[in-house]
Amino acid sequence: MPSFYQLLKKIIQTGIGRSRLIMAAGGLGIAMILLLIAIQAHSDFDQLLYSQQNANESADFLVINKKITNAMMGQRGQSVFTAAEIADIRQQSFVEAFGFITSNQYKVTAAAPGDLHFYTDMFFESVPDSFIDVKNEEWKWTPADNTIPIILPNDFLNLYNFGFALSQDLPQISQETVKAIPMKITISQGLLTQEFTGRIVGFSDRISSFLVPGSFMEWANGKFGNGVAASPSRVIIKTKDPSNPKLVKYLDDKGYNTNQDKIKYSKTKMIVQTIVSVIGFFGVVLLLFALLVFSMFIQLVIASCKKEIQLLVTLGTAPRQLQRYLMRQFVPLYIAIGIVALALVAALQWWASGQLAIYDMVISPWIAAGTGIAAVIVIVLVYIVNRINVRKYIHAIS
Amino acid sequence: MSMAVQPPWTFSFGKSSILSHHFKNTSYMQIQLENLVPVPLRDKILQRSSDIWNRQITFTPGSFIKIKAPSGTGKTTLVHYLYYIRTDYTGQVLVNGQPWASHSKATIAAMRQEQVSVIFQDLRVFEQLTARENIELKRVMNGQPYCTAEKVAEMAAKLNVTHVLNQSGSTLSYGERQRIAIIRALVQPFQWLIMDEPFSHLDEENAQRAAQLIAEECKARKAGFILTDLDNDTRFAYDIHYNL
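Chains E and X supply the protein sequences, listed in that same order.
Using our numbering, the letters of the first sequence map in sequence onto residues 1 to 398.
Using our numbering, the letters of the second sequence map in sequence onto residues 1 to 244.
Think of the hints as simulated: they come from the structure by calculation, not from any bench.
A couple of the hints might just be wrong.
Using 20 Å as the maximum straight-line C-alpha spacing, the simulated DMTMM-like pairs for lysine to aspartate or glutamate come out as follows [unchecked claim]: (1) E:Lys264 - E:Asp252; (2) E:Lys307 - X:Glu133; (3) E:Lys9 - X:Glu127; (4) E:Lys264 - E:Asp46; (5) E:Lys307 - X:Asp229; (6) E:Lys10 - X:Glu133; (7) X:Lys105 - E:Glu308; (8) E:Lys306 - X:Asp122; (9) E:Lys10 - X:Glu127; (10) E:Lys262 - E:Glu96; (11) E:Lys307 - X:Glu127; (12) E:Lys66 - E:Glu308.
Where chain E lies over chain X, by a calculated footprint (3+ residues, C-beta under 8 Å) [to be verified]: (13) 103-109; (14) 121-129; (15) 133-144.
It should be emphasised that the depicted structure is a prediction, and the values quoted were computed from it without experimental measurement.
Every residue, glycine too, gets a C-beta built ideally from N, C-alpha and C.
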């Protein structure tokens with residue numbers, strides 16, 4: 001004996017709008033593939049970008065300063081950040097942490113010990129400890145200490161070893177040796193002078209400056225400085241994504257400068273984001289058209305069986321039973337389309353990952369979770385829209 | 001209007017909404033008419049007297065009601081109002097104390113599956129289904145068939161339509177369609193069976209068999225019926241007669 005739904009199938013013929021159904025299904029399929037590719041491409045590009053960076057660091061640090069222009073030269077006040085500008089930087093969404101780089105307000109000279117005949121004027125800066133990448137237990141200072149720990153930029157030693165030393169026929173020095181040499185540091189302001197022993201405790205890739213602990217800087221600026229807290233001319237921020245186009249645009253708009261190398265991916269990222277957005281946009285437009293065609297198909301089916309549906313309702317068939325029957329005709333189709341689209345995108349991803357591996361570019365051979373979730377969301381959306389349509393048209397004639 | 005003897009357990013509820021509400025879920029479906037007048041027949045009806053139109057009527061649950069109606073007095077119209085497939089009337093048809101329109105479509109569908117059944121004058125058989133499928137559609141509609149398939153076969157045998165059960169609805173004669181429509185109406189549970197000239201296409205012998213089957217099925221359910229027809233007849237032991 002046939003079931004109720006089998007009997008309904010004989011009465012409500014869904015074959016009438018076959019061409020429309022094929023169009024709608026095709027449209028839905030293409031729309032879904034475009035959308036999923038857009039989402040997957042986005043995730044792949046992120047992977048490519050970040051796998052090239054230091055895998056241990058989830059965030060990056062940028063030292064920001066104002067561009068020195070010809071017009072500004074000689075006017076020191078123009079290169080410092082005002083309180084308002086600092087507050088503005090702090091509240092940007094891409095800034096995870098923010099710190100001042102504090103300069104010395106006194107004279108510093110350094111001399112090598114013994115008969116090395118090395119003597120130079122120099123400067124110190126300090127940043128909050130949380131921004132330093134080469135901290136160790138020696139990185140501390142109290143007023144009782146006569147030894148100042150110092151962090152040098154890695155670039156500085158490289159400049160000496162590979163630029164200066166080679167050309168001047170001087171010996172190249174290893175990091176260990178530099179760390180072993182005690183420097184004679186003299187800080188002074190007018191007649192007030194104090195000598196310290198400087199010891200290099202690390203080499204930083206992050207901050208291009210001669211760093212001393214904040215506690216020393218505070219003490220020395222208090223004792224030797226002019227008593228006025230100086231405005232910082234360099235600040236350091238921590239950010240998740242230095243290639244964030246928002247950050248780059250912000251720096252450009254304000255005329256700020258930072259390590260350009262770190263933000264070089266920004267433009268590529270913007271281009272890719274634009275392309276991906278365009279693909280996604282077409283996907284969404286196509287999806288809307290597919291939904292429209294689906295809705296026309298449903299309308300056609302219901303209109304063509306109007307008399308039959310009305311008699312069914314007259315005989316006591318609940319509108320819900322009719323809705324459920326009609327949805328049963330469509331839902332397997334959506335799910336099939338979703339699975340096919342997902343499978344195609346997965347195959348594409350697998351192929352792309354193989355192709356990119358040749359160029360040493362690593363992306364996952366599997367699709368991202370977001371892509372799968374998007375497929376589910378699209379299916380649910382189509383289901384809801386069609387359900388509303390079926391309900392509406394059934395209601396209209398019952 | 002002539003009142004015949006009522007079964008001792010029937011009683012009228014008047015318009016008590018509390019009782020009617022109570023009735024909705026537990027017991028007999030209550031049908032009342034309040035000054036019902038079809039809009040298209042208004043002038044004609046107001047010029048003469050009728051036992052149904054423009055009156056207060058409560059159909060006593062479980063009773064066999066005959067409404068005699070000459071052509072053109074709105075017989076089919078009344079059936080359609082009672083079954084809520086036409087609404088061009090003034091006054092009200094109250095079901096369980098509430099006008100039809102206040103019941104949701106889902107509730108009405110449930111009533112049509114469980115509480116009220118119908119045999120239309122124009123039969124309304126699906127032509128794309130076989131006779132058996134037409135009956136089956138109604139039998140399995142509510143998920144838990146009231147009748148077994150054997151019972152259907154039995155009813156078909158009683159009405160002499162066993163041989164057409166596998167025939168397409170479109171090839172059935174009117175008489176066969178009418179008997180299929182009768183069986184279709186009898187495979188579901190109901191408290192009221194509404195019939196519009198149910199024997200119009202049947203010969204006397206088949207009409208008697210059908211009437212007997214209908215009476216048996218109504219008794220088995222303790223259900224009542226409302227039957228409209230052109231003439232007087234004695235096929236049923238009617239409890240109440242109305243003239244439309």
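Q) What are the numbers of the hints that this structure violates, sorted from low to high? A) 5, 12
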